[in-house]
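Here are the chains, one letter per residue:
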Amino acid sequence: MTSTDRIDGYASALISIARAEGSLDTVEDELFRFGRTVAGSDELRSALTDEAIPASRRQSIVETLLGGKAHPTTANLVSFVVGAGRARDLPAIIDSLVTMAASQKNKVVAEVRTAYPLTDDQKVRMAAALANATGKQVEVKVIIDSSVLGGVVAQVGDTVIDGSVRRRLDQLKSLL
Amino acid sequence: MHALVVLHNGAVSTVHLAPRSGSEEVDCIENGLKNLKPEDTAGKKQVLTDCAKAPNPLVPATNELIWGSIGFIVVALFVMWKGYPAIKKTMQARSDKIRGDIEIAEASKTEAQSVLSMYQAQLADAKAESGRIIDEARLQADSLRKDLQARAEADMLELRTKAMADMETAKNRAVADLQSQVAALAIGAAGRIVEKNLDAESNTRLVESFIASVGAGK
Chain A
481 MTSTDRIDGY
491 ASALISIARA
501 EGSLDTVEDE
511 LFRFGRTVAG
521 SDELRSALTD
531 EAIPASRRQS
541 IVETLLGGKA
551 HPTTANLVSF
561 VVGAGRARDL
571 PAIIDSLVTM
581 AASQKNKVVA
591 EVRTAYPLTD
601 DQKVRMAAAL
611 ANATGKQVEV
621 KVIIDSSVLG
631 GVVAQVGDTV
641 IDGSVRRRLD
651 QLKSLL
Chain B
49 MHALVVLHNG
59 AVSTVHLAPR
69 SGSEEVDCIE
79 NGLKNLKPED
89 TAGKKQVLTD
99 CAKAPNPLVP
109 ATNELIWGSI
119 GFIVVALFVM
129 WKGYPAIKKT
139 MQARSDKIRG
149 DIEIAEASKT
159 EAQSVLSMYQ
169 AQLADAKAES
179 GRIIDEARLQ
189 ADSLRKDLQA
199 RAEADMLELR
209 TKAMADMETA
219 KNRAVADLQS
229 QVAALAIGAA
239 GRIVEKNLDA
249 ESNTRLVESF
259 IASVGAGK
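As they're listed, the protein sequences go chains A and B. Those letters in the first sequence? Residues 481 to 656, by my numbering. Those letters in the second sequence? Residues 49 to 266, by my numbering.
Do not take every clue at face value.
Distance windows between CB atoms, simulated [unchecked claim]:
| # | chain 1 | residue 1 | chain 2 | residue 2 | range |
| --- | --- | --- | --- | --- | --- |
| 1 | B | Lys244 | A | Thr517 | 21 to 31 Å |
| 2 | A | Thr544 | B | Ser228 | 40 to 50 Å |
| 3 | A | Gly489 | B | Thr217 | 50 to 60 Å |
| 4 | B | Ser257 | A | Ser483 | 34 to 44 Å |
| 5 | B | Ala237 | A | Thr506 | 38 to 48 Å |
| 6 | B | Ser257 | A | Ser654 | 20 to 30 Å |
Calculated cross-link-like contacts (lysine to aspartate or glutamate; reagent style DMTMM-like; alpha-carbon spacing at most 20 Å) [unchecked claim]:
| # | chain 1 | residue 1 | chain 2 | residue 2 |
| --- | --- | --- | --- | --- |
| 7 | A | Lys653 | B | Glu243 |
| 8 | B | Lys244 | A | Asp650 |
| 9 | A | Lys549 | A | Asp488 |
| 10 | B | Lys244 | A | Asp625 |
| 11 | A | Lys603 | B | Asp214 |
| 12 | B | Lys82 | B | Glu72 |
| 13 | A | Lys603 | B | Asp225 |
| 14 | A | Lys653 | B | Glu256 |
Honestly, the hints are just simulated from the structure, not real lab data. We put the CB at the ideal spot given by N, CA and C, even for glycine.
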């Protein structure tokens, strides 16, 4: 079994559990944000993937981070993956889960980076705008990224639409 | 025939002699003895003494002269008859041989001169050829020197041009690097200013602007 098959298997399992719990959308969104947090933090990623740390200890770290802040199913699923020794694959599993969930809705994932959180209304209008631009129904996933400075960077598949302040500054730099 | 009176131990005797060329001596003795008495021995001795004279080695006796001449003439004629042709033949052979030798020598001399001329011509040709080779080598050396000089000048010019180009490139690169650094510093400063001053409200305006532009297909 290849690593891709393993990752897809885990993602499929997590979707099934979340759907069974009736909290797929919430769990999917929380897993997505947690996955981005783990990917962006070397310290957290190292703590969750260090084989020298007992699995129970790593699971307690997850419970500390997500307990009371996320849906219990989310915390349980993350704890399960960490306990199974697949914490290193957690970001990939979550990406696969999000993609599968979106495809089940006949949508594609639109990764939207912004310096400040979007309101629900902005998310809905953002999805409509990106659907108009790409011709595909999108599932907006918001990532808080301070490097954007301001504005939005949206990626749908291989298409990137950059409306960030960072990009404008870079363009200005290229002109100098 | 003449007689010669010889004194031998004081005795006078008469010896008959063959005719000789010294007839004056005989005449002298006869004349001297005419006037002497037969018993005048001293006188006779004196006459003999006076009339005795050594034979002239240069002037032989007449009969001798005549007979000698005749004999000489006979011998000479015989020699001329027999010897002259032989001598002539020998002389002719000798002269022919000499002439032949001279001709051979002349021919050898001619051949030697011909060979000498040929060698001289070859020597002249060799000298001319050596001179030509030297001239040709000199021309080649000059040509090579000029080529080397031209090549050195071209290399020097190329090096100088390349050095100038490298300097220009380095200068341009330094200017570009400086511009890049200045731009990076300026953008960095601008970014920090924007980050400091960009609030949620400003960001909301940016998000709304993005949604509007993307939705409109811009």
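Consistency of the hints with the structure:
no. : hint                               : in the structure
1   : B:Lys244 with A:Thr517: 21 to 31 Å : holds (25 Å)
2   : A:Thr544 with B:Ser228: 40 to 50 Å : holds (46 Å)
3   : A:Gly489 with B:Thr217: 50 to 60 Å : holds (57 Å)
4   : B:Ser257 with A:Ser483: 34 to 44 Å : holds (42 Å)
5   : B:Ala237 with A:Thr506: 38 to 48 Å : holds (42 Å)
6   : B:Ser257 with A:Ser654: 20 to 30 Å : holds (22 Å)
7   : A:Lys653 with B:Glu243             : holds (16 Å)
8   : B:Lys244 with A:Asp650             : holds (18 Å)
9   : A:Lys549 with A:Asp488             : violated (26 Å)
10  : B:Lys244 with A:Asp625             : holds (15 Å)
11  : A:Lys603 with B:Asp214             : violated (56 Å)
12  : B:Lys82 with B:Glu72               : holds (15 Å)
13  : A:Lys603 with B:Asp225             : violated (42 Å)
14  : A:Lys653 with B:Glu256             : violated (25 Å)
The structure is inconsistent with the numbered hints 9, 11, 13, 14, although it conforms to all the rest.
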